[in-house]
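J.: Please arrange chain B on chain A, whose structure you already have, making use of the hints.
So the protein lines, in turn, are chains A and B. If you're matching positions, the first sequence starts at 1 in our numbering and goes up one per residue. If you're matching positions, the second sequence starts at 1 in our numbering and goes up one per residue.
Hints are computed from structural coordinates only; laboratory data are not their basis. You may find that some hints are simply not true.
PhoX-like mimics (lysine-lysine), calculated; alpha carbons at most 20 Å apart, straight line [as the list claims (entries may be wrong)]: (1) B/K228 <-> B/K207; (2) B/K302 <-> A/K302; (3) A/K302 <-> B/K339; (4) B/K302 <-> A/K339; (5) B/K103 <-> B/K37; (6) A/K228 <-> A/K207; (7) B/K339 <-> A/K339.
Partner residues aside, some chain B positions facing chain A, computed with beta carbon under 10 Å [said to hold, decoys possible]: (8) P83; (9) G200; (10) H304.
Where a beta carbon is used, it is the ideal one built from N, C-alpha and C, also for glycine.
Number of protein chains: 2
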Amino acid sequence: MRHLPVYAYLPVMAETTNSGARERIETDAQAAALVQKMRAGERRATALVITELERLSTAAPILLRAMQPYLGHALVVGFTGPPGAGKSTLVNAYTRHIREAGKSVGIIAVDPSSPISGGAILGDRIRMTATLDDDGVFMRSLASRGYLGGLSPAAVRIIDALDAAGKDVVLLETVGTGQSEIEVIGVADTVVLVLMPGSGDSIQALKAGIMEIPDVIAINKMDHPAAKTMLNAVRSVLALDRERAWKVPIVLTEAQRGENVDELWAKIGEHRAYLEREGLLEERRRRNLAGEVFAVASARAKAHLQHAVAEDPELRRLLDEVADRHLDPLTAVREIVEKVSRIDGDGRRG
Amino acid sequence: MRHLPVYAYLPVMAETTNSGARERIETDAQAAALVQKMRAGERRATALVITELERLSTAAPILLRAMQPYLGHALVVGFTGPPGAGKSTLVNAYTRHIREAGKSVGIIAVDPSSPISGGAILGDRIRMTATLDDDGVFMRSLASRGYLGGLSPAAVRIIDALDAAGKDVVLLETVGTGQSEIEVIGVADTVVLVLMPGSGDSIQALKAGIMEIPDVIAINKMDHPAAKTMLNAVRSVLALDRERAWKVPIVLTEAQRGENVDELWAKIGEHRAYLEREGLLEERRRRNLAGEVFAVASARAKAHLQHAVAEDPELRRLLDEVADRHLDPLTAVREIVEKVSRIDGDGRRG
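In isolation and in its complexed conformation, chain A is listed as follows (with noise of 0.2 Å):
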């Protein structure tokens, strides 16, 4: 059995060390500090970083602040489609192509979680793994529920730390379905959709409008028989969106064995030149920034009014009234939130 260096597994150790006695980060020169370690290259540094982040910590804001001098380097490509069409797979071969150009790279991988049951995939990320065994490749899961404010402002905030630690490009992996998922990719630069023969609901999804067109489409296992029915498929639905600028390239990939990855990496920087021709890149980054304001903000708000609720018997005591039909839900919205804030029950400022 072949022994992996150290750092390979130094992402999943670091998160574990960090839960129980962690560094202090409380002064802007010890998060300097930190900045300065993940630039150099430091994965645990990077990791611990991505956790105060992720957790919103007292760190965060601090950390943060040390990271703006370095921020708006990295290009971000989100990478999207139906489970079983081979995403990390061609996720991985795509690091493998920009690791020989020279670049290094971070991977975001939302794991997706089931909205009810919370149930997630195992297993894609077991494959993984032999993309780790590499120092200039940093890559971190993040569960798709769970964050304070969502996971779409969540992502930003480990973009900018792997943009921070001085990553070239950042690859976003998400499967398109799911409450908050759809969201997330659209903080990418670039969204290549991931599609496969079979992936049928995706192409009626796509003509009905419901699924975005994505700036590029890539079907993978094109060895199937039924890939060129799938390309087919795939042309017609983008023949009805005349209107667009940008034309979405299709390229055919066979992601297990590399194959057109190289063609895959062309499009997606003619993508990115375009995007840098309109001004369009400059746009999405601001638009980000500031969605994730609002939305940590109404999330604090909302954490605050759940808060209230728990804690006052009172509060409480509405809630069992509307669950016995014996108070409308409106009414007691209006009671708690006169009661939380000084916000009168329409939103307004009291």
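T.: Same frame as chain A, but now just chain B:
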């Protein structure tokens, strides 16, 4: 050309007239009178009540109060599944079947709008108008976005209106992909997943645990040569889930001809009996009501925050600083939340 009776067009007409000159609903007596009209089968009254609840107008709490004594009767069945599977046709056929059994039906069809472009599906709704040519059926389309507090609480309020209007069955139809669409189906008592031959992505999503296992599965377009393959795929996914007390029945349907709709009706009835036996029906309804209170209260707090930022040049300046990377987002959150309310930046009461 055959003329449809006037009431077949009423839901749409009411929507239009309401936006201009609306009836005044300011007292409990006015609301009670309107609820009685609704219960007497006056379409215009039902349409008006739903519009007020949808918009969360000042009349909404008064109406909900008047509706309280009449709630809890209707059975709520959700139909979900990928676009193109034939949900609308099946809902149509199912509605006809329920009407033949002498029961009244309310239909809420969520018009899926794309998360970014906001584009909606048309056409499906037109096919459904045939069902409307009947006084025992009331149909309403809901856009999938734009409600204060979200789609699910809006759907709960409209289900309540149809319930108070005396409908025996409320059908909630929604595409299973998209932001709030996955959540909304959770308010139904029984969830029917409609698949068709070619729904490969949905099978993968079920297998991966991303899509919640529904209560009943209908494989529509049963005449398709690949229907048997789909049936086997569904069976093998369900076989993975041995823990569930409720064994999910699979019904092969051909909605266009109304085939096996009676079997679907029987299976939904069995699930309803199971829920009642286990006391799960009441539990789900209590959870829906509590969820509505929280969602609307949080949305009010959020609206208040956005309003404050829009009006206050000092707060707008903070957002600009974040976009220019001169201020980190979390410090901006703290300053905004502190300024807007007595809540301190971490969500605790000041």
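J.: For every hint, state whether the structure bears it out.
T.: Right, here's what the structure says about each hint:
no.: 1; hint: B/K228 <-> B/K207; verdict: 18 Å, holds
no.: 2; hint: B/K302 <-> A/K302; verdict: 8 Å, holds
no.: 3; hint: A/K302 <-> B/K339; verdict: 16 Å, holds
no.: 4; hint: B/K302 <-> A/K339; verdict: 16 Å, holds
no.: 5; hint: B/K103 <-> B/K37; verdict: 19 Å, holds
no.: 6; hint: A/K228 <-> A/K207; verdict: 18 Å, holds
no.: 7; hint: B/K339 <-> A/K339; verdict: 19 Å, holds
no.: 8; hint: P83; verdict: 4 Å, holds
no.: 9; hint: G200; verdict: 4 Å, holds
no.: 10; hint: H304; verdict: 4 Å, holds
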